[in-house]
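Trainee: Listed below, chain by chain, are the residues.
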Amino acid sequence: NAGVTQTPKFQVLKTGQSMTLQCAQDMNHEYMSWYRQDPGMGLRLIHYSVGAGITDQGEVPNGYNVSRSTTEDFPLRLLSAAPSQTSVYFCASSLAGQGKYEQYFGPGTRLTVT
Amino acid sequence: SQKIEQNSEALNIQEGKTATLTCNYTNYSPAYLQWYRQDPGRGPVFLLLIRENEKEKRKERLKVTFDTTLKQSLFHITASQPADSATYLCALPGLPGYSSASKIIFGSGTRLSIRP
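Sequence lines, in order, name chains A and B.
Under our numbering, read the first sequence as residues 411 to 524, first letter to last.
Under our numbering, read the second sequence as residues 73 to 188, first letter to last.
Just chain A, with the same shape it has in the complex (with noise of 0.2 Å):
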């Protein structure tokens, strides 16, 4: 199993733009989660899923879209970008809907709004 994926790696974009965050994993986990990391913040939900064609909003998710068309991805759009929206982005996956709740995270997209 790759686990979870996550594309592009490093990521440098002009305010305004607008971009598409890439998470998958082959674990057929029901439940997925996005978060930032800033310094001195620890993680920041932004928005989650918990199964295909379920999502719903976490702790900061104003300037993100998401959608769960299969279980295995879960996009995150950034739709005008922002410097504030600079940070390094994570995808988890988890099997919560069946009574194991350790999320698996991968390696993270860091990602710069000039």
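Since the hints were derived computationally from the structure, they do not count as laboratory data.
Be careful, since some hints might not be right.
[Unchecked claim] With a cut-off of at most 16 Å between alpha-carbon atoms, the simulated EDC-like pairs for lysine to aspartate or glutamate come out as follows:
| # | chain 1 | residue 1 | chain 2 | residue 2 |
| --- | --- | --- | --- | --- |
| 1 | B | K175 | A | D436 |
| 2 | B | K129 | A | E512 |
| 3 | B | K75 | A | E512 |
| 4 | B | K175 | A | E512 |
For clarity, every value in this text was computed on a predicted model and none was experimentally measured.
Assemble the complex: chain A is given as a structure, and chain B must be docked to it using the hints.
Mentor: Positioned in the frame of chain A, the structure of chain B alone reads:
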């Protein structure tokens, strides 16, 4: 609103000693609490989960306690080694019970350094 505090931003201890990290929470009644390890440039890695009806959990040199009255978890690493140097994060479900298992909220982490 829910709040998680990890009391020490950084902790430096000597090899061989026991490291103790603290996680406090407010406005929660979590069904469980998790601890993760994060190395620089990498995603967090799950270490341990302790449920609300468990006082203590052990895994090799790791021990976690969970006091729902004090709203606190302690994470211990015994016989610490330089390889244990990393940032340690605690995490809880954002809503009571198990139904919000995907809405996991993290503390800001404690950076642990073990000196030889």
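Trainee: Please name the hints from earlier in the document that this structure breaks, with their numbers sorted from lowest to highest.
Mentor: 1 and 3
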